[in-house]
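Chains V and U, in that order, give the protein sequences. Heads up, the first sequence is in this note's numbering, so the first residue is 1 and it goes up one at a time. Heads up, the second sequence is in this note's numbering, so the first residue is 1 and it goes up one at a time.
Don't take each hint at face value.
Quick look at which bits of chain U chain V covers, simulated, 3 or more residues with Cβ under 8 angstroms [claimed, not checked]:
1. 41-54
2. 101-107
Short, incomplete list of chain U residues facing chain V, as computed with Cβ under 10 angstroms [unchecked claim]:
3. Gln6
4. Gly16
5. Lys17
6. Ala92
7. Glu98
Label pairs and their calculated CB-CB ranges [unchecked claim]:
8. U:Thr60 - V:His72: 37 to 47 angstroms
9. V:Thr102 - U:Asp62: 18 to 28 angstroms
10. V:Gly16 - U:Phe15: 19 to 29 angstroms
11. U:Asn63 - V:Thr69: 22 to 32 angstroms
12. U:Ala86 - V:Leu11: 36 to 46 angstroms
13. U:Pro18 - V:Ser40: 35 to 45 angstroms
14. V:Ser26 - U:Thr60: 41 to 51 angstroms
15. V:Ala24 - U:Ser40: 40 to 50 angstroms
16. U:Thr20 - V:Ala79: 25 to 35 angstroms
17. V:Thr102 - U:Ile5: 36 to 46 angstroms
18. V:Thr69 - U:Pro8: 45 to 55 angstroms
Think of the hints as simulated: they come from the structure by calculation, not from any bench. For glycine and all other residues, C-beta sits at the position ideal for the given N, C-alpha and C.
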Amino acid sequence: GESVGLHLPTLSVQEGDNSIINCAYSNSASDYFIWYKQESGKGPQFIIDIRSNMDKRQGQRVTVLLNKTVKHLSLQIAATQPGDSAVYFCAETISGGYQKVTFGTGTKLQVIP
Amino acid sequence: DAMVIQNPRYQVTQFGKPVTLSCSQTLNHNVMYWYQQKSSQAPKLLFHYYDKDFNNEADTPDNFQSRRPNTSFCFLDIRSPGLGDAAMYLCATSRLAEQFFGPGTRLTVL
């Protein structure tokens, strides 16, 4: 059954600093990875994605790094702002038709003004 | 704007009293999902529809049912809510791998 009262890993970052959120994924067959941002009381919001044929992808202030050897994914946020405070989930899936998306446990990012 | 809409945003029900949550989308995506999310946890997939084909997760309790009368709408029925069913219920849609989430319905069971 599910655990009750889980505490999310929390990352506290000073405003203006860079943030790095890490994620370990489980399925070696996964070839498509997504980072979601979830603000309090809202649904998850797509931030950035990466396919397994890449090891780095950049967006606006965000960069995702993929290390398939150790099944590790990271999200880097440059010049973190108070609006970045949220829970961040990584997700993995297999592309091509419908495939189930598996979410990681999530990391809470707290930005200190 | 194209979006995923969930109603109501907050729902209060009594223990054992059936409740229905609704989701609609203007994205015309063929896949719709229902997730349950409890505090400080990742979303947990309950089931999904691929067009009209219903797919139940193996560990989704029988207490949870779903209907998709057309492409745009999907409903989550909880036949006899228990205290443990209090959670945020998220609807999502996709055409390919990227999923688009609605704002969620927060369910309280008294």
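Do the hints match the structure? See the list:
Against chain V, the region 41-54 of chain U contributes 7 residues with a C-beta closer than 8 angstroms to a partner C-beta. That satisfies the three-residue criterion, and the hint holds. Note: the region 101-107 of chain U has 5 residues with beta-carbon separation from chain V under 8 angstroms; the three-residue rule is met and the coverage holds. The criterion of a C-beta within 10 angstroms of any C-beta in chain V is met by Gln6 of chain U, whose closest approach is roughly 8 angstroms, and the hint holds. Interface restraint check for Gly16 of chain U: the shortest CB-CB distance to chain V comes to about 21 angstroms, outside 10 angstroms, so the restraint is violated.
At a threshold of 10 angstroms, the smallest CB-CB gap from Lys17 of chain U to chain V is about 23 angstroms, leaving the interface hint violated. Contact between Ala92 of chain U and chain V, as hinted, is supported at the beta carbon level, the nearest pair being about 8 angstroms apart and thus within 10 angstroms. Taken as an interface hint, Glu98 of chain U checks out: its beta carbon lies about 6 angstroms from the nearest beta carbon of chain V, inside 10 angstroms. Distance hint for Thr60 of chain U and His72 of chain V: a CB-CB separation of about 30 angstroms, inconsistent with the stated range 37 to 47 angstroms.
Checked against the hint of 18 to 28 angstroms, the pair Thr102 of chain V and Asp62 of chain U passes, with Cβ atoms roughly 23 angstroms apart. About 49 angstroms separates the C-beta atoms of Gly16 of chain V and Phe15 of chain U, a value inconsistent with the hinted range of 19 to 29 angstroms. Roughly 43 angstroms separates the CB atoms of Asn63 of chain U and Thr69 of chain V, a value that falls outside the hinted 22 to 32 angstroms. In this structure the hint that Ala86 of chain U and Leu11 of chain V lie 36 to 46 angstroms apart at CB is violated, the actual value being about 28 angstroms.
Separated by about 29 angstroms at the C-beta atoms, Pro18 of chain U and Ser40 of chain V break the suggested range of 35 to 45 angstroms. Take Ser26 of chain V and Thr60 of chain U: their Cβ atoms lie about 20 angstroms apart, and the range 41 to 51 angstroms is violated. Distance hint for Ala24 of chain V and Ser40 of chain U: a CB-CB separation of about 18 angstroms, inconsistent with the stated range 40 to 50 angstroms. Checked against the hint of 25 to 35 angstroms, the C-beta distance between Thr20 of chain U and Ala79 of chain V comes to roughly 44 angstroms, which is inconsistent with it.
Taken as a hint, the range 36 to 46 angstroms is violated for the pair Thr102 of chain V and Ile5 of chain U, whose Cβ atoms sit roughly 26 angstroms apart. Hint check: Thr69 of chain V to Pro8 of chain U, Cβ distance near 47 angstroms, so the stated range 45 to 55 angstroms holds.
In summary, the numbered hints that this structure violates are 4, 5, 8, 10, 11, 12, 13, 14, 15, 16, 17.
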